[in-house]
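A.B. asks: As a plain string of letters, each chain reads:
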Amino acid sequence: MSGLRSFVARRLLLGALQTVAVVLLVFALTEALPGDAAVALAGDQPDPARIAAIREAMDLDRPAYERLAGWATGLLHGDLGTSLTSGRPVAHYIADGFGPTLLLATLTLALLVPIGFGLGVLAARHEGRLVDRLVSSVTLAVYAVPEFALGVLLVTVLAIKLAWLPPTALGYGTDLLAHPAALVLPVLVLLSRPVCSLSRLVRAGMVDALASPYAAHARRYGVPGARVRYTHALPNALAPAVQQLARTVDWLLCGVIVVEALFVIPGLGTVLLNAVAERDVPVVQGLAVVFGVLTVVLNLGADLVAHRLTPRAGVAA
Amino acid sequence: MSDVTDSVAEIRDLRVEIDGRAIVDGVRLRVLPGKVTALVGASGSGKTTTGLALLGEYPPGARVTGEVRRTAHGTVGSDGPVGYVPQHPAAVLNPARRVSALLDDIARPQVRHLPRAQRRTTARALVLRALSDAQLPDAEALLRRYPHQLSGGQQQRVVLAQALLLGARVIVADEPTTGQDALTKSRVVEQLKAVAARGIAIVLLSHDLDVVRALADEVLVMRAGRVVESGPVERLWTAPRHEWTRRLLDEQRAVPQGGADVGSGRPVLEVRDLTAVHDRRTAVLHAPRLALHAGECLAVVGRSGSGKTTLARCLAGLHRDHDGEILLDGAPLPRSLRRRGRAQLAAVQYVFQDARAAFDEHRPVLHQVARTAVRLRGAEERAATDEASATLHRLGLPEALAHRRPGELSGGELQRAALARALLAHPRVLICDEVTSGLDTVTRRGILDVLAGLVGEAEDLSLVLITHDLDTARLAHRIAVLDTGELVEQGPAQRVLTEPRHPFTVSLMETTERLEAGTRT
Amino acid sequence: MTTRRRFALGLGVIVVPLVLALLGPLLTGEPGPRATSFTLGGGHWLGTDFVGRDVWQQVLLGGRTVVVTALAATALAYLVAVPVALMSALTRVRWLEELLMRPLDVLLAVPSLLLILLVASVLAPGAVGLALLVALVNVPDAARIVRAAAGEAAARPAVEALRMQGESRWRIAVGYVGRSALRTLAADAGIRLTGVLYLVSTAAFLGVGVAPDAADWAVMVDRNRTGLFVQPWAVVVPALLIVALTTGTNLLFDAALEKNQTDKRGRRP
Amino acid sequence: MHDERFPGLRRRGFLAATTGAAALALVGCGGGTDDKAAGGSGTPKRGGRLRAAFAGGGASETLDPHLANLFADVARAKALFDKLADYGADLSAEPRLAEKWEADKGLDRWQVTLRQATFHDGKPVTAKDVLYSYRRIADPKQAFRAKASLEPIDLDASRATGERSIEFVLKRPTAEFPNILAAFGAYIVPENATEFDKKPIGSGPFRFVSFTPGRSAVFRRYDDHWDGAPLLDEIEFVVANEESARVNALLGGQVEYAHELNPTTARAHEGKGQIEIVRLRNSAMQAFCMKTDRAPFDDKRVREAFFLIADRQELVDGALSGAGEVGNDLFGKGYEYYAADLPQREQDLDRARALLKQAGAEKLKVTLDTSAVAAGFTEAAGIFRDQAAKAGVTIDVKMGSKDSYWSDILDGGTLSCYRSGAMPIEAHISQRLLTDSTTNATKWQHKDFDALYQQAQATRDKTERAAVYERMQRRLYSEGGFLIWGFADWIIGTAKTVKGVETKAPANTLDWARFDKVWLA
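Protein chains in written order, with full-length UniProt numbering: chain S, 1 to 317; chain A, 1 to 521; chain C, 1 to 269; chain G, 1 to 521.
I should point out that these hints are in silico values taken from the structure, not numbers from a laboratory. Yeah, the Cβ is synthetic: ideal placement off N, Cα and C, and Gly gets one too. A couple of the hints might just be wrong.
When the alpha-carbon atoms are kept at most 27 Å apart in a straight line, the in silico DSSO-like pairs for lysine-lysine are as follows [stated by the list, open to error]:
| hint | chain 1 | residue 1 | chain 2 | residue 2 |
| --- | --- | --- | --- | --- |
| 1 | G | K199 | G | K123 |
| 2 | G | K45 | G | K128 |
| 3 | S | K161 | G | K272 |
| 4 | G | K141 | G | K171 |
| 5 | G | K496 | S | K161 |
| 6 | G | K462 | G | K447 |
A few chain S residues that don't get close to chain A, going by computed Cβ distances all over 10 Å [stated by the list, open to error]:
| hint | residue |
| --- | --- |
| 7 | I115 |
| 8 | V152 |
| 9 | D208 |
| 10 | A216 |
| 11 | G222 |
| 12 | V223 |
| 13 | R227 |
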């Protein structure tokens with residue numbers, strides 16, 4: 001177990017370094033962007049004197065490294081800084097955006113896992129037969145459809161033509177849970193691609209696992225089929241699926257901008273999009289930290305689960 | 001009691017066909033409780049197919065005719081459970097689940113009639129009893145482990161425990177001793193005997209005749225899907241009727257003896273104060289001094305995990321993490337293969353245990369063999385191919401096979417090709433790491449003959465044989481014995497084999513002899 | 001049999017978009033005069049697009065960039081990922097392996113959303129920029145997958161045997177390890193190409209990619225979607241072509257891999 | 001890989017207008033189709049809550065009226081606050097909080113009298129509040145948008161002459177002083193107000209209830225508003241940056257008013273009975289901007305050739321999807337002082353080629369800067385590229401970053417896409433076409449032209465002033481830097497129950513996005 005603990009410690013250290021690298025990279029990229037917050041704020045009235053005044057008000061006339069250093073010092077004290085554009089704390093931005101994002105991610109995940117695994121196992125069980133072909137083809141086709149196209153299609157049919165569901169979550173911004181119907185379409189769109197990739201992965205793993213000697217052995221000794229599938233074969237098909245799941249969660253938390261825009265859900269993706277457009281560097285940086293940490297933690301979690309599932313594979317940092 | 005009720009399983013006129021080719025044909029077999037029935041034969045003789053037929057399992061796409069009958073607790077008609085201990089027990093243990101997982105599932109139906117509250121504890125008790133019947137101590141802790149945390153022997157016993165828990169009246173054991181050293185083998189034999197003593201019928205599939213002799217009551221000799229001879233083990237050994245049986249037994253007995261002691265003069269290869277470590281920490285091998293003379297054959301003997309493979313890999317430059325020196329003609333060899341020059345590479349060659357894994361599956365064997373001459377001796381492509389072809393032929397691999405890819409060759413054929421590949425370097429020292437383990441008797445004999453020939457014919461070729469098998473060690477001029485990483489004894493083969501000094505060598509010798517003698521208690 | 005049928009199906013699905021993409025530009029003449037945007041009729045049998053051009057002509061012209069960009073991006077991603085993966089799989093030098101793989105981990109930890117947003121704003125938009133960006137996003141993942149496959153091959157005794165034979169690193173890396181990873185690579189390439197096509201086709205959202213009014217299926221889908229209710233063909237036709245292209249690609253790869261597998265299974269005695 | 005893409009960033013509606021921001025829809029211009037959405041049917045009814053969807057600014061949004069930057073900001077500011085004047089239907093300044101204004105002889109001192117109005121907390125609106133608001137805007141340490149508009153006022157010399165009367169002292173004669181009072185963002189806030197997001201207090205028709213930046217703002221009717229209480233009980237502004245989301249929300253009954261729709265959306269739903277489409281004519285001038293101070297556009301023959309290259313109808317049909325009118329290279333079609341009798345310019349490629357030849361610019365190559373910053377930009381660039389090709393001019397379309405586009409094209413490049421919201425012609429000239437204009441994107445710097453402007457500002461008589469404006473416009477028509485090819489409609493969608501939406505007010509005028517006269521049937 002101490003091996004595992006040192007592995008986790010090493011990975012966390014590495015994750016911290018990764019996050020720092022991400023922040024530096026993001027800072028460099030935002031500096032490389034054409035225009036700054038002042039120019040973005042000036043918009044279609046780029047009066048040079050006004051831009052200069054805004055720049056001074058935002059402290060943008062200080063050199064880049066000084067601003068970065070100042071921001072980093074704040075971060076060490078747990079202060080993510082304040083927005084250039086509004087002067088509000090970055091932490092508020094993130095906290096506000098995180099709620100809807102988390103809600104969507106949770107709901108999607110809650111449906112993704114049973115559907116993805118269920119379809120995968122179903123297809124693997126009927127490998128080569130009609131059900132398998134059907135599941136495989138449909139998931140393949142859906143996988144190829146861009147989200148926005150699917151979103152537009154679903155809204156047009158289910159919300160506008162049939163009026164079964166509200167087309168957007170407009171105006172529910174703060175209280176999405178109170179309007180569950182508004183969440184159906186976004187979650188459907190979010191589910192579409194992950195379900196396909198997950199079920200394909202699970203199918204592949206299950207096909208191998210079901211054909212393995214240990215599955216045959218369990219069957220030989222009279223263990224019922226469902227039990228063989230779910231308790232003996234599935235754990236072996238799980239490791240790649242868990243990695244995929246981690247990446248899906250990462251994506252769900254760090255950027256589902258199409259869905260947010262299409263259904264007017266004010267999550268983190270929207271915050272990021274606006275911050276980049278406004279060149280609101282502290283907000284972008286704050287999000288980079290949050291996203292970086294999330295990614296590191298999720299990957300670590302996935303690796304630990306995978307390690308637990310495939311104990312043979314040595315722990316590799 | 002009549003014969004019919006007596007047998008717990010029976011096969012009649014079994015014929016299994018794949019794509020019109022019969023892989024088992026007309027096999028009859030009766031399995032009696034408490035008796036060990038052995039199916040003997042080379043690989044591909046149909047042993048495993050027959051054994052699996054008892055389990056009601058056939059290869060995919062097979063056409064099956066004939067009858068397979070299993071009896072549950074003496075009642076005719078209903079099929080009784082049959083246990084299976086495969087050659088590689090690890091393969092049937094689920095790598096992602098704890099040992100307890102399948103055992104619990106097997107026990108579950110047996111406690112179904114009980115009230116819910118008692119089921120769990122009763123099932124656990126059944127599992128524990130099965131484990132102790134399979135001679136697995138400390139069962140509670142064991143149940144929480146994953147298969148990869150168990151030793152090979154423990155894995156085998158866990159699989160056996162599964163069969164016992166199932167209440168199997170017949171257990172099919174497929175090559176349970178292949179690739180094991182003498183001590184392990186004898187333990188497996190004891191174990192199976194104990195199982196048989198419980199009144200369970202055992203069907204032993206093996207090409208290891210020592211083990212068959214030690215265990216079996218009845219023996220069926222198979223060849224190309226047919227049973228060529230059957231009968232009680234004693235009769236078969238003393239008076240084999242079929243020519244094939246005789247050949248099998250002869251291969252087993254005739255062990256070529258190495259030539260006279262040639263170890264004199266300056267050693268070709270010398271090891272000084274070698275300490276090898278794994279993971280930069282754990283020392284796994286310590287060899288203060290070991291020398292190999294020109295034309296000499298040295299056998300390094302030890303059980304699995306004794307460090308003999310590490311020693312070989314150090315010599316070959318495949319294991320870098322070691323201290324001490326390895327001298328070739330008095331000059332130190334670089335530790336890493338990368339640092340060794342062409343001449344040094346050519347001088348020390350290594351043949352791998354798993355020949356299939358050591359070949360590139362995408363290219364023809366001949367081409368791969370020839371590369372050695374091209375790379376290490378700068379030979380022309382053309383000349384190299386000719387030489388490779390000749391060498392392969394000399395080692396008994398026909399031209400036609402040489403042009404195929406590794407996937408289309410058998411294990412024995414590939415091992416010959418691997419030897420040829422190493423020989424094309426014109427090495428001074430050839431290290432053979434367990435090259436015969438995992439091969440059936442006939443094939444193994446062939447390889448050993450090739451090795452014996454090498455020792456004889458090439459004056460300046462020295463051989464290092466890494467083996468757990470004293471049979472193979474008999475080929476050598478000198479024997480070094482390794483136990484848990486320590487070099488415990490070395491000396492002329494004759495002397496070590498006849499009057500071993502170290503207690504470990506003694507016990508190794510004794511078990512081997514006991515197995516060979518087929519002593520039965 | 002079913003494999004062959006799937007092959008045929010894949011071929012059938014992919015052939016329409018592929019032929020249109022590759023031969024389309026040869027089949028069309030000079031652009032005619034513009035009509036009002038999003039109208040049907042008037043000699044435009046698929047109607048007009050968002051700036052009043054003939055949709056059919058745009059469809060004929062618009063495949064090449066999508067296909068070429070997607071292929072180039074996939075190739076580019078592997079061009080970087082494969083050498084890095086092979087080197088790190090074969091090197092015994094720990095720090096070199098770290099040096100090769102860690103930067104990719106960092107890239108992996110940058111949320112791709114952020115990366116795309118920022119790089120899209122920094123890079124001049126254009127097919128080259130798009131291919132580069134899409135390749136960049138794909139490199140870490142591709143490298144990891146190839147690394148895993150190559151690592152497995154590199155751990156086999158065959159590599160040591162090749163070393164014993166004095167083979168050059170190059171030959172071991174490419175001739176053996178690379179070759180062994182090929183199957184995984186092919187399987188990955190099928191999925192990746194779908195992903196890349198998807199990325200390329202949705203990159204129009206970002207304003208990266210080809211010029212905003214370029215004849216390009218992906219751009220067409222995005223730019224014409226405002227007219228979905230008035231003139232659906234301008235969206236539906238290119239969208240279907242893209243879906244057909246990706247689905248067909250995957251069916252083909254699936255079938256090819258399956259064939260490969262059965263071949264192998266059949267050969268083993 | 002998961003994919004994260006987002007619908008283009010063409011979501012934020014910057015007020016296309018620069019400072020002034022209101023435009024008069026030309027009375028009588030625009031088809032009769034507009035009228036049916038107007039408040040005609042039925043008697044106004046009180047009550048109800050209207051939800052209006054706008055593109056917004058995300059979490060950085062604020063209710064500080066002086067920071068208003070986006071259409072959504074202005075709509076909210078307009079509901080909570082009042083200006084002294086605002087642009088009426090004829091684009092002249094219409095009194096709001098100011099009851100009347102009067103200039104002295106020299107046109108550089110103006111007396112303004114406030115009407116009796118109260119803030120939401122019941123305090124009266126006084127001269128002090130006005131001076132505080134204007135001084136806050138003009139604060140040199142801040143960068144409020146309206147600062148440039150208020151520049152002519154000498155705020156240090158201006159003073160309150162009574163509770164509700166102010167004397168404004170100007171730095172120079174300004175005949176169009178009321179335009180300043182109507183300037184974009186020149187809202188009156190209570191004296192010493194600095195914090196607007198918690199509980200802002202204004203004198204507008206609605207009072208604050210709640211505000212979540214980037215999501216929604218809820219305001220309630222202010223019964224004591226000087227212009228009469230609104231008919232609605234409550235108004236909620238919600239933010240949806242994607243046009244399709246606004247349309248869908250409207251169709252799905254989630255909002256009753258959707259601001260800024262695409263022409264194609266309008267065409268899809270116009271007359272279908274599900275929703276009402278309101279087109280605000282002449283709202284956004286569409287142009288190409290030529291830099292007159294550098295090659296090739298420093299030659300007025302080249303500029304004229306470009307005027308003649310443009311097929312304006314094709315641009316309107318293609319880039320605006322037909323939702324607009326062709327332009328005649330002059331700003332402010334239909335506004336006060338517009339030179340309407342100049343002949344409509346048509347495409348004339350032969351003459352254009354001849355002019356280019358004269359100018360020695362035959363195989364001309366120009367880079368056209370564009371960006372997805374405004375609807376129709378990239379489309380217009382592509383269409384114009386094709387048109388220019390017919391006259392032998394090669395145009396290379398260059399996509400720029402949308403976030404810094406306006407700043408990039410102010411001084412850089414030679415040819416760019418340009419647009420402007422409605423504003424008085426005088427404001428257009430003073431901000432863009434004078435030597436010291438802050439956003440002179442065509443680099444139109446001519447002393448004689450500046451002098452004409454000064455003359456107009458010093459002319460008290462309206463007819464005489466109009467004559468001066470016409471002279472200026474003639475000059476611009478023949479050799480100016482703006483190729484103004486069209487005026488886009490501003491499109492709004494409403495639910496069928498929404499009545500009283502003004503259909504003739506171009507975007508940025510008083511009656512645009514004005515909800516105090518709107519009611520729900």
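A.B. asks: Hey, does V152(S) actually stay past 10 Å from chain A on C-beta?
C.D. replies: It holds; V152(S) is separated from chain A by about 42 Å at its closest Cβ, greater than 10 Å.
A.B. asks: Straight-line Cα separation of K161(S) and K272(G) no greater than 27 Å?
C.D. replies: holds (14 Å)
A.B. asks: Holds or violated: are the alpha carbons of K462(G) and K447(G) at most 27 Å from each other?
C.D. replies: Satisfied, since the Cα-Cα distance of roughly 23 Å is no more than 27 Å.
A.B. asks: Hey, is V223(S) genuinely clear of chain A, shortest beta carbon separation above 10 Å?
C.D. replies: Since the minimum Cβ distance to chain A is about 5 Å, V223(S) lies within 10 Å and the statement is violated.
A.B. asks: Does I115(S) really sit off the interface, with its C-beta more than 10 Å from all C-beta atoms of chain A?
C.D. replies: Check passes; 22 Å lies beyond 10 Å.
A.B. asks: Straight-line Cα separation of K496(G) and K161(S) no greater than 27 Å?
C.D. replies: Holds, because 18 Å separates the two Cα atoms, which is no more than 27 Å.
A.B. asks: At 10 Å, judged by beta carbons, does D208(S) keep clear of chain A as stated?
C.D. replies: Given a closest Cβ separation of 12 Å, the condition holds.
A.B. asks: Was A216(S) rightly flagged as not at the interface, with every chain A Cβ beyond 10 Å?
C.D. replies: violated (8 Å)
A.B. asks: For the pair supplied as a hint, K45(G) and K128(G), confirm whether the alpha-carbon distance does not exceed 27 Å.
C.D. replies: violated (37 Å)
A.B. asks: Is the Cβ of G222(S) farther than 10 Å from every Cβ of chain A?
C.D. replies: Since the minimum Cβ distance to chain A is about 7 Å, G222(S) lies within 10 Å and the statement is violated.
A.B. asks: Within a Cα-Cα threshold of 27 Å, do K199(G) and K123(G) meet the stated pairing?
C.D. replies: holds (15 Å)
A.B. asks: Taking the minimum C-beta separation from R227(S) to chain A, is that value above 10 Å?
C.D. replies: Violated, because the least Cβ-Cβ distance between R227(S) and chain A comes to about 6 Å, which does not exceed 10 Å.
Consistency note: the structure conflicts with the earlier hints numbered 2, 10, 11, 12 and 13.
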